[in-house]
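Following the hints, put chain B in place on chain A, whose structure we already have.
This is what each chain is made of:
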Amino acid sequence: MRTMSETVEAVRHGELRVEAVARASLDRIRQFDPALHAFLSVDAERALHRASQLDQARSRAQPIGALAGAVLAVKDNICTSAGCTTCGSRMLERFHSAYDAHVVERLESAGAILIGKTNLDEFAMGSSTENSAFGPTRNPWDARRVPGGSSGGSAAAVAARLVHAALGSDTGGSIRQPAALCGVTGLKPSYGRVSRYGLVAFGSSLDQIGPLTADARDAALLLNVMAGHDPRDSTCAAEVVPDYVAALQRPVSGLRIGLPEEYFGEGLSVAVRDAVSAAVEVLKSRGATPVRVTLPHTPYATACYYIVAPAEASSNLARFDGMRYGRRAEGGADLLDTYTRSRGEGLGAEVKRRIMIGTYALSSGYHDAYYDKALRVRTLIRRDFDTAFKQVDLIASPVAPTTAFELGEKALDPLAMYLSDIYTISANLAGLCAISVPCGFDALGLPIGLQLMGPVTGEEKLLSVAHHYQQATDFHCRIPQAFETKEAA
Amino acid sequence: MARQDVELKVEEVHHVARLARLELTAEEAQSYAGQLSSVLTYVHQLAALNTTHVLPTAHARPVCNVLREDETRPGCGAEAALSRAPARQGDFFRVPKVLDSPEG
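Order-wise, the sequence lines are chains A and B.
Start counting the first sequence at 5; every next residue gets the next number (this note's numbering).
Start counting the second sequence at 1022; every next residue gets the next number (this note's numbering).
Just so you know, these hints were derived from the structure itself, not from any lab.
Any given hint could be a false lead.
[To be verified] Residues from chain B that face chain A, not an exhaustive set, calculated with beta carbons under 10 angstroms:
{"id": "1", "residue": "K1030"}
{"id": "2", "residue": "V1031"}
{"id": "3", "residue": "A1038"}
{"id": "4", "residue": "R1039"}
{"id": "5", "residue": "A1041"}
{"id": "6", "residue": "L1043"}
{"id": "7", "residue": "T1046"}
{"id": "8", "residue": "Q1056"}
{"id": "9", "residue": "V1064"}
{"id": "10", "residue": "H1065"}
{"id": "11", "residue": "T1073"}
{"id": "12", "residue": "H1080"}
{"id": "13", "residue": "P1107"}
{"id": "14", "residue": "G1111"}
{"id": "15", "residue": "F1114"}
{"id": "16", "residue": "K1118"}
All C-beta atoms, glycine included, are put in the ideal place defined by N, C-alpha and C.
So that you can see chain A by itself, here it is in the shape it has in the complex (with noise of 0.2 angstroms):
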C-alpha cells in the first residue's frame, strides 16, 4: 500500500487520479470502520467533489499544491466549518463550527482531502478513547483492546490504513501513546509551533496539533505545511519553518541519544524495555552515541500534569454553558440551574472529574497548596531538560509503560488511566517535541512504540533521527492481518 509521500508523488506525475485515491479511502472505511469506530463522521460527497476539482487542475497543469493526493482525517475536536464538531461529547453533539482550524485551512488549500472526523476521549480527557460520548474505537490489531487515547480514533484511521494520516491533538500524550498503541507514528510538535486556532481548547499551555502518519517522511512533509506563524494563536512562534522533509537526511552520526534512568524503572514492562533497548541499538549501529542522563523530577511530573491539566480545562470548559452554543437543558428554574443542568447532562463522568479536580485545585483555600505548587515543579521538571540537552541532541524512552490494555481494564480506576501518560506528559509540560515510532511487538502481538524527545524546535533532529531509524527497522510498514487487502489504487 502506497504511503501518502508515494502517492502524491504519484497524482504529482499524473500516474494516480485523486478520485482514484479518496474512493479507495472512503471504500475502506466503509469495509471496515463499522467494526473500529474509528471515525465520527465521514463526509464522502465533499471529499469526491474536492478530488474531482484537484483532478481537474492538474489536467489543466494549474497548480494542486504539495499535498494533492493526501486523505486525510481530522481529530473531532479540531473545528472544520463543513460537518460537526463534537468533541466526542453530548454537550456538542450538533455543534457546527463557524470557521475552519487553521490546520484545516493550510492543509486543504495545500490539496489535501479531509475526508472526516474521528473519535476520541470527550474533549480530549482520556488515554483510551473509552470516555467518548459515541462510544469506544477498537484497537486494529485486537478489537477487545482500546487504541490509546485520546486521539484513539486517527491513530486505528492511520492504523487500519483507512487514510493515509491523520491529526491528533497531545496536550499528555494524547498523539503519541494511541500512535504507540495502534503501531504508527505520532509527532508531537514543539509548543508554539503549529497554530491551535480552532482546536478546542483542553490544556491551553499544553496543548498542541499534530500528524499521526505511517512514517516520519509523511510526518515532515505534513509538518512543512501545518507549521508556522498564525497571529491568531498568540503563543504560536514566529520562527522561520524549515524543510523537514529535506532535513530527513541529515546524519545520525555523531548524534548524542540521552537514556533517563527514570525512564525505564519499575511498571516498565519487560517486552517494551526489551524493545526499547533494541531501538537504542539500531541507533547506535547508525552512528548515535547512548548517554546516561537523569531527569531527577520525572516522578513528580504526573501530579504536576494532574493539576494544571485539570485547572486549565476546568477554565476552559467554562465556555459550555448552553447558552451561545451547543446543549442546552430543558426545564431550569433561571439562569444559574440552566447553567448547572446543562453540563451535567451535557458532560461525560470523566470531564466532569477533571473540572471538579481543577476547580478544587484553584479554589479559594487551595490554590496555593496546589496550582501555584504544580507551577513551580513545573518549572524543576522544565530545567532538568535544559540540563539534559546541554549534554545530549535527543531522549530515548518507552511511550506507554504497557501495550495496549483491554477494554473496561482501567475505566474505573481514574488513577490507574492517568498513570500510563507517565512517559508522554513532561514533553507537554516542558514544551519539547517528542514523537512515537513503531519499535516492536510484544508477545501477543500488540505495537511497542519508541519516544524521542528533542528540545523546543528541535523537530528537524527529531525527524531525522525516526527516519533513519524506519530505514534500518519496518515495524511502521506492518498492518495488522484483518487489514490487507490487495492494494486499490
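Below, chain B without anything else, positioned relative to chain A:
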C-alpha cells in the same frame, strides 16, 4: 516521599460542583468523593518538594505582550454566531431569567 491522605467529603464535592456549575446526582457525588480523594492524595506528593526559591512556569514558552495594530477586522458575523444559539430572539441570545435566583 511524604504521603498525606486527602479525604474529600460529599459536602465538599457538592461545594466544588457548585463552583464549577455542574449538577451532580447523589450517586455521582458519592463516587466522585472517593475518586477525587485518591487523585488529590496522589497529586499532594508535590508537597515533599521544596520550591521556596523556584519561580512558577505558567507557560512552556516565554512569550509576552503579543500585540497587533488596533484596527478593525472582519469577524464571523452576527448571523453566524446567533444561528448556533439554542434560543434566540432577533439579534440576541435568549436566556432564562437571571433575577430571583438564590445567588442573585
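Status of each hint after checking the structure:
1. K1030: It is violated, given that the least Cβ distance between K1030 (chain B) and chain A is near 12 angstroms, above 10 angstroms.
2. V1031: Status violated, d = 13 angstroms.
3. A1038: Since the shortest Cβ distance to chain A is 6 angstroms, the answer is holds.
4. R1039: holds, 8 angstroms
5. A1041: holds, 4 angstroms
6. L1043: holds, 5 angstroms
7. T1046: At about 8 angstroms, which falls below the 10 angstroms cut-off, the nearest Cβ of chain A leaves the hint on T1046 (chain B) intact, so it holds.
8. Q1056: holds, 5 angstroms
9. V1064: Constraint on V1064 (chain B) satisfied, holds at 4 angstroms.
10. H1065: Holds, about 8 angstroms.
11. T1073: Cβ of T1073 (chain B) sits 9 angstroms from chain A, so the hint holds.
12. H1080: holds, 5 angstroms
13. P1107: Cβ of P1107 (chain B) sits 4 angstroms from chain A, so the hint holds.
14. G1111: Not OK, violated: G1111 (chain B) not within 10 angstroms of chain A, min 15 angstroms.
15. F1114: holds, 6 angstroms
16. K1118: holds, 5 angstroms
Checked against the numbered hints listed earlier, the structure breaks hints 1, 2 and 14; every other hint is satisfied.
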